[in-house]
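Visitor: Take a look at the letters that make up each chain.
Number of protein chains: 2
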Amino acid sequence: MTETRNGADALLATLTDNGVEVCFTNPGTSEMHFVAALDQQDNMRSILGLFEGVVTGAADGYGRMAGKPACTLLHLGPGLANGLANLHNAKKACTPIVNIVGEHATYHRHLDAPLTSDITGFASPVSDWIRTIEKADDVAAIGAEAVAASMSAPGQIATVIAPADTAWNPTTHQSGASIAPQAPNAVSSAVIAEAAAAIKSGAKVALLLNGAAVLADGLEQVSRIASAGNVMALGDTFISRVARGDGRVELPRLPYFAEEALATLDGVAYVIAIGTKPPVSFFAYPGIASELTPPGAKALQLAGPADDVMGALAELADALGVTHAKPTLLTRTEVNAPRGTLTPETAAQSLAAQLPDQAIIVNEAATSGFAIPPLTAGAAPHDWLDLTGGAIGMGIPAAIGAAVACPDRKVVNLQADGSAMYTIQGLWTQAREKLDVTTILFNNRKYAILQVEFMRVGANPGPKAMDMLDLSRPDLNFVGLAQSMGVEAEQVTTAETFHKALARGLAVDGPYLIEVMI
Amino acid sequence: MTETRNGADALLATLTDNGVEVCFTNPGTSEMHFVAALDQQDNMRSILGLFEGVVTGAADGYGRMAGKPACTLLHLGPGLANGLANLHNAKKACTPIVNIVGEHATYHRHLDAPLTSDITGFASPVSDWIRTIEKADDVAAIGAEAVAASMSAPGQIATVIAPADTAWNPTTHQSGASIAPQAPNAVSSAVIAEAAAAIKSGAKVALLLNGAAVLADGLEQVSRIASAGNVMALGDTFISRVARGDGRVELPRLPYFAEEALATLDGVAYVIAIGTKPPVSFFAYPGIASELTPPGAKALQLAGPADDVMGALAELADALGVTHAKPTLLTRTEVNAPRGTLTPETAAQSLAAQLPDQAIIVNEAATSGFAIPPLTAGAAPHDWLDLTGGAIGMGIPAAIGAAVACPDRKVVNLQADGSAMYTIQGLWTQAREKLDVTTILFNNRKYAILQVEFMRVGANPGPKAMDMLDLSRPDLNFVGLAQSMGVEAEQVTTAETFHKALARGLAVDGPYLIEVMI
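Quick note, the sequences are listed as chains A and B, same order. Everything in the first sequence is counted per the numbering used here, starting at 1 for the first residue and increasing by one. Everything in the second sequence is counted per the numbering used here, starting at 1 for the first residue and increasing by one.
Don't take each hint at face value.
Note that the list lumps identical chains together, so a pair holds whenever it fits in one copy or between two copies.
List of simulated lysine to aspartate or glutamate pairs, DMTMM-like, C-alpha gap at most 20 Å [said to hold, decoys possible]:
id	residue 1	residue 2
1	Lys277	Asp112
2	Lys446	Glu488
3	Lys434	Asp246
4	Lys464	Asp39
5	Lys200	Glu21
6	Lys277	Asp308
7	Lys277	Glu291
8	Lys446	Asp470
9	Lys200	Glu220
10	Lys277	Asp128
11	Lys464	Asp42
12	Lys446	Asp318
13	Lys434	Asp470
14	Lys434	Asp475
15	Lys464	Glu433
16	Lys68	Glu145
17	Lys434	Asp467
18	Lys464	Glu21
19	Lys446	Glu433
Since the hints were derived computationally from the structure, they do not count as laboratory data. Keep in mind it's a predicted model, so treat the numbers as computed, not measured.
For reference, chain A alone in the conformation it holds in the complex (with noise of 0.2 Å):
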């Protein structure tokens, strides 16, 4: 327990005596306190973030490969609308946030500053759960609800609301004490018992998988449960944490794009969802079902994102007499260096011959990752993070979380030219923290994805449509980006340099930067 001067510094104490331990931040005036505060408590570190969407990127990062959640620092309505992009993926991803938005002082609000602006409205549609607290004394109760709240099932993003004069007037309440968090929800018998009704009827079952059913013990369980019956197990399209590689389960995905989704699931008679929920196109299309579950099949949800999930899956296992099951593990795919013409298949080949043992690989390469999870599905054993609510600028930020999480792994961060634009001063803070960070900058110059999708939607783009998904007038040199802001890079253009470039960069311990020209 550390002594309580401020409301800022009961803040901190109670952050530090639940078990945060970073925070990430862009702060203004009015939380210059709390900035303050982070001198009194030497287990909690403070990294910068240039824009509040690399501070909200990281904090995703971090809570997916921590388990337990960072806290933000935010200045305001407007930084924290600045980060909403990336705390909108954090909720889609389940992971735990402690989303701390500095206020006006509690008198200063009514008066409509500049600066002055709907914070529960901007934090309302990315937050679980939302507080705004009114006085110095309530600081330690409320930052140790909001630790509970985001460790709460399956993981939630907690906003505190914290005035600035909360933060500078004097408090006696010292840490609040700890909160259990709310624990995922018991599945009922009946519904374990209609799943393993359905795949022991012999029937073609789809498994649709994301949570804890993707890290390594789920799919252990997952991999004994199939070969109970005629069953297919997918990942969910984007995942928040898989565990994938050599001494895993191999888990292939539901597709992208829905007409291939509907191909894959064809011919099942039951879908069922555990950690997840059943299938919906990531878009609408003219003419295609947006629910993706086949017509005349059966969807049934045997444990969503907030249930007990490992515990489904035992008790499934268990119904289905597979509990001691072994389950089907890959073994590591030796991989010739590439050569020849530089594509993401090659790069992803170069890329399944050399990843460290234990890397993080963070996922956010648009077209140019589609062919990546395949080729890297035999590599040595790693843990992958994808872009999980669709709002591009997740990767250079989830990229910095993730390493400040697990400082003895490399971070490979497969990242779309379009998509980097959007955060790319998070490599900044890559620099100043020298993480751990190789960045493969798939540079194809276009919104590619978008190129697929005018066709898809049946839109007939002229010159000024196309114009739009152009990303080559003038060209982006990213080599020079990254350098500007104090991260080592180099631009290759073959099979075999990217190769070299690679083994270089994953040498290198901190951030480094290789712009593929695809």
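Given the coordinates of chain A, work out where chain B should sit on it, guided by the hints.
Guide: Then chain B, alone, in the frame of chain A:
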């Protein structure tokens, strides 16, 4: 009238028929039909930003200079979220904007796909008016209403949420008929009489000004009115657009820091707000008043932002018998080239000497900008745009919009380093559109304003806290950043080299960035 085929075509036809000529956008899949419709409208220029903060900030700069709206086209909730901070600034500036946000198809919204979010929730804090289109047949009418709402006094953010199926479905409803915007409210004769009596009393009166009162004609009325009593005319600390320089009326500003503002207003018996509201402090500080009207003084609001400011000024001048008084106008001050140390002051001296006639200055220079207004008051006639809402990252984007609105005028962006990193991607759009913007980037390698504020709020920062205000680890290379996005740039370290660099920058018919090391 253009032939209309689907909802997207109807929206574009309606916008162009109602005078909207520019679309700033970063679209996604759900907006592809709107993007395709751009090619049907020769009168709509479409400009791509690499991030939505660039898009909305450009729309703000455009609206301030054009006096009519640009439209945006943003991708779902997260795309809007990324643009909220600059919409906040635009709302505080009373800038007309038609803010178009794509949404999932109406039948897809309830499925909680990855990009599903509460768009109305995100939009509400920054929007004066919001409509969600529910069918293609309503597109044209809602589009026309949106233009009228944006142009209603004093200028508003009108947000249209447009589901994808309202874009792709056919409609026979042609372009929406123009709707008259809501005119400014007339000011009652009682209010005019009260203000006139205050001025006639001979007591010390402060006029606090914004909106139409600080454009060239408004300031001439203010000058006449000031001649009728013991009157001090002051602009709001931050102004949407103010006319300055040779041939204009000089306008000092209410100081940013509350103590200085209170000192400026000391001894005033009346504070009369015109085109604004009575003064409040930007932030709250312990022990300092938030409301800046001095104790014992009376605050009057002659005209709020939505009132008929020019009518009120004319009636007040008439009531005071000064309608035909001669306003006091500035004349051009000849300034020598600066020598020696490069500071904001010597840079301002060089700018005053070289500023082109009818330039537009976009000011987001933070502490580096404090000294510049008085030193450039006697420069060539120009317009000056401030950061109205305190949400940093407005400078580079607003310069884009001003340059698009006024292609025959030079735009000069006075830009702080920390703020620049919020929307640095905007330099690429300046290069792409060959916009005539000279950026003067003051690189002091810190959030200097926060170092000042730390002392003022009474916090006691230690080394961790001070590290959160430091931008020098590693140094940012703004020349490299600009060049990597296609913008010509150079770095200067002396007043003499700045003077020559500014001459080069102003001579270029396109974007140019000068990194000023201070």
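Visitor: Against each hint, give a clear statement of whether it holds in the structure.
Guide: Hints versus structure:
| no. | hint | in the structure |
| --- | --- | --- |
| 1 | Lys277 <-> Asp112 | between (43 Å within a copy, 10 Å between copies) |
| 2 | Lys446 <-> Glu488 | neither (24 Å within a copy, 23 Å between copies) |
| 3 | Lys434 <-> Asp246 | neither (29 Å within a copy, 51 Å between copies) |
| 4 | Lys464 <-> Asp39 | between (53 Å within a copy, 6 Å between copies) |
| 5 | Lys200 <-> Glu21 | neither (47 Å within a copy, 63 Å between copies) |
| 6 | Lys277 <-> Asp308 | within (14 Å within a copy, 55 Å between copies) |
| 7 | Lys277 <-> Glu291 | within (11 Å within a copy, 52 Å between copies) |
| 8 | Lys446 <-> Asp470 | within (5 Å within a copy, 35 Å between copies) |
| 9 | Lys200 <-> Glu220 | within (19 Å within a copy, 87 Å between copies) |
| 10 | Lys277 <-> Asp128 | within (18 Å within a copy, 36 Å between copies) |
| 11 | Lys464 <-> Asp42 | between (55 Å within a copy, 10 Å between copies) |
| 12 | Lys446 <-> Asp318 | neither (50 Å within a copy, 60 Å between copies) |
| 13 | Lys434 <-> Asp470 | between (33 Å within a copy, 16 Å between copies) |
| 14 | Lys434 <-> Asp475 | between (28 Å within a copy, 14 Å between copies) |
| 15 | Lys464 <-> Glu433 | between (42 Å within a copy, 13 Å between copies) |
| 16 | Lys68 <-> Glu145 | within (14 Å within a copy, 48 Å between copies) |
| 17 | Lys434 <-> Asp467 | between (38 Å within a copy, 15 Å between copies) |
| 18 | Lys464 <-> Glu21 | between (49 Å within a copy, 14 Å between copies) |
| 19 | Lys446 <-> Glu433 | between (31 Å within a copy, 17 Å between copies) |
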